[in-house]
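Participant: Please build the complex by placing chain B on the supplied structure of chain A, with the hints as guidance.
So the protein sequences, as listed, match chains A and B. All residue numbers for the first sequence refer to the numbering used here, where the first residue is 6 and numbers rise by one. All residue numbers for the second sequence refer to the numbering used here, where the first residue is 18 and numbers rise by one.
Do not take every clue at face value.
As the list claims (entries may be wrong) - Computed cross-link-like contacts, DSSO-like style, restricted to lysine-lysine with a CA-CA straight-line distance of at most 27 Å:
1. LYS337(A) <-> LYS215(B)
2. LYS345(A) <-> LYS215(B)
3. LYS215(B) <-> LYS343(A)
4. LYS114(B) <-> LYS452(B)
5. LYS466(B) <-> LYS337(A)
6. LYS215(B) <-> LYS114(B)
Derived by calculation from the structure, the hints in this document are not laboratory data.
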Amino acid sequence: MKKESGNVTLRIVNQTIRRVTRPDLLGPMLFRRREQVGRARRLVLLVLSGLLVVSAGATVGNRLIAARPVSEDLVAESAAKGAGSTELASVLIQADELHVGDGQVLRPGMVWVVDGKIQAVGAALEVPEGTELRQVAALTPGFVDAAASVGVAGGAGEVTSEVTPEFVVSEAIDLLDAEFARQVDRGITTVHVTPSTENVFAGFGSVLKTAGQGDGRWLQKQSGLCLSMCNDPTSRNAARGRPETVYMRQPTNRMGVVWILRSRLHSAGQESPASVPGVNLEVINPLLADMVAGRTPAYAVSRTSYDIETLYRIGDEFGFVPVLVGGDESYKVVDLLKQKQAKVVFTALSTGALGAERSELRWSTPLVLAEAGIEFALAGDRLLDQARFARRYGLSAADAVASITGRPAKILGIEDRVGKLAPGLAADLVAFSGDPLQVTSTIEWVMIDGQLQANGEDQ
Amino acid sequence: MSNKALKMRSGEGGSEPVARGWRQRWFAGGVCLVWSCLSLAYVTAQEAETAPAVTAVAEAATDSRGPAPRLAILVGKLITCAGDPIEGGTILVADGKIQAVGPSAEIEIPAGYEVIDHRQHFAMPGLVEAHCHTAGSGDLNEMVYQTNPELRNWDQIIPHNPRLQVAIAGGVTTVCQIPGSGTNMGGWGVLLKTGPGKPEEVILRAPGVLKIAQSGNPERQAGEVGSGRIGMNHVIREQLIEGRLYVQQWDDFEAGRRATKPEVDLRLEYFKPLFRGEIPILVHTQAYQVVQSTLRILHDEMNLKVVIGHGTFDSYLLADEINKRGIPVLAGPRGFRYDPEIGQIRGILAEFEDRGVDVLGINTDSPVIPQEELAFQATMAVRFGWTEDRAIRGVTIEPAKALMIDDRVGSLEVGKDADIVILTGSIIDPRHHVKQVFIDGRSVYDTAKDRRRF
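Isolated chain A, as found in the complex (with noise of 0.2 Å):
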């Protein structure tokens, strides 16, 4: 093991020079904690950063970091040098407690990081020399948001139709938003942008990391479709209450919403379907027949416990089964859930005693789910929060951690790329000082594909 990762190390540190040169990404770390500065401004300073860079970078060779705690200081000299996220080739963390990502933990734990990914993770572990070593007192898997809507601009949505599985989200995603790099402070390193709900068939949602170098960041552009079984739909039409003219579109209540899926589903089921005004059937039925197939992933937000009922009933009706986003009021309607075994992205983990749509939230659901056997990802923004909220209200702290790392990596499909500590996959990671499931514990630094990141303020 010792021989063959000396040969990785030297690769590695080969490639440093062309690896570090990343201007697009540059601009963003520099002045995430800058909104304020201009939009042109900015513009000037990310080609001037970048130049910078591409000379620093030729200078630094392939001189390893020293191991020492990430501080301001780190910060600095990154910042300084044009980078807010910082290389490292090679570099094994020790951490007191270790969390795989899949339920199993660690104590003591190590994993060995090389180019980017996770070479090896066990108890002990043998390196080379000149591998860098990390201490901490606790180490996760970078957390992944299963149904997250950061970073895109102009509206996630597009109101004007309300059939639209046409549209994929990742063509509005701006890499450069500064709300990427908030989630990265939190310890979010993977999102699952979804379209906004107010269209019945909304649009495909797209998986990427929270920072990185531009295209490499994607994961799934494409990640499924994305579906609104709940009320939302009918907040859009040109007038409200008695009507007195045509309103802009159908629906205006939870019944037309479940007309629209069921009769778009037929359609998409039939040789010469019935043509449909203003809608393209030659566009929108292929993708809703791969979504019947099972080719496409159905993510379909439902909230109350009889529109749970009902996308499980349309699912039957046409023979698919989606992953449940939302899920407030889960608890009610665990039969079913197991009887579909279903899979949730659950996000109603909040303070509120009503959700939206006055659903009736409950702090123990992730524990209802759990005890059930129920597949499930806690998402919606603070995870981290959420993973926090779910342990005090009786999840237990492995589930906790796994249902914010390899839970929703694996409802997404893209559990062999991140949400656990396994080698091969991207090495993503999240420090902490304590037991990541105290708020007394804050996040020291986090890695995303091998690169530490700036640490931010705002966790």
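Facilitator: Then chain B, alone, in the frame of chain A:
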């Protein structure tokens, strides 16, 4: 099918409504027309899944409500709504059904039956509400089109919700949850029990009824089709003709009179049980002239099982015409009205009864009148001249007949669902209250254990 198509969506285009201003509407209509013509050249038989028309109540084996107990309920007075009251009666319940009912002297209690002693109390069938909006979420009116035969409301029911829990305390065990009257054809309603359970366990029939509203609420003010009664009658008729044609095609195919299998049109599927006479059409129709249209269009022209719901105002003047056609009348939400011509309150139910209307009941339109006050509406109708005996039937077996579920509920008879209300006296007397309620043979409310809710 030009602008009308966008309003009520007739036509084989199966047109999804997307109306965005006049030009686009005309364009859309044109596209639809062209496609329709083209499609005639490509008529092919197709295999397609048929939408589930009627869902049945789930088998007891997997019932989330638990096993149905075997009960022997002893009561002081038995009001069966299927004959004269019985002093000192016994009801045997097994598997959620009534196994025996009659005078205690004639019924032997078999071993293994739990005896429930209500010998100080009355027993009567669970009340049947034919016009309810409180059994689900608030999704009542889908307002873009005047006719919405594609809409169904059983995806939004919330079984045993807080309002239904109070309704049970008022003796109500079956409700007909229907879409609102914001459009001429609001969609398909559902019949369900008020007790706890999963949707498939509490649903009695889906589709339960087709909801039509003929005047008042659906009227629009912008000079479009359907802004007045001429237009509204027009769009209702056109929509029903389209539905009837569709069902006719399937009937012809299934009877071998047609070679090619018609295409499944989800929008029109639920017309099948309606035009086959398996379910009724519940009409929000009130005044004399509107009820005339109801009788003419829906009964005479369409030959449908018509129920006059919400039948207030002066429609009793048409009693002869109603009787000729044997149409049930469910008045309400209230059973009396101020008659400006005579400056006096008139009892609507009494007027119908005096004119010999046979199937006669009352409804609440809850939450317009709270669901638990169904019996109280009957009480007030009695206050204004309705016969007490008829009034008790008018909240039980008569609405059950009108809704075509009298084989299941509405009276205490052998083989029917064990939906039993125990109360301290006649439900028409507002001094009495409900003590215990059974639905499908299971106790769902008991003042001895629960608080008295109403």
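Participant: Against the earlier hints, flag every one the structure doesn't satisfy and list their numbers going up.
Facilitator: When the structure is compared with the hints, none of them turns out to be violated.
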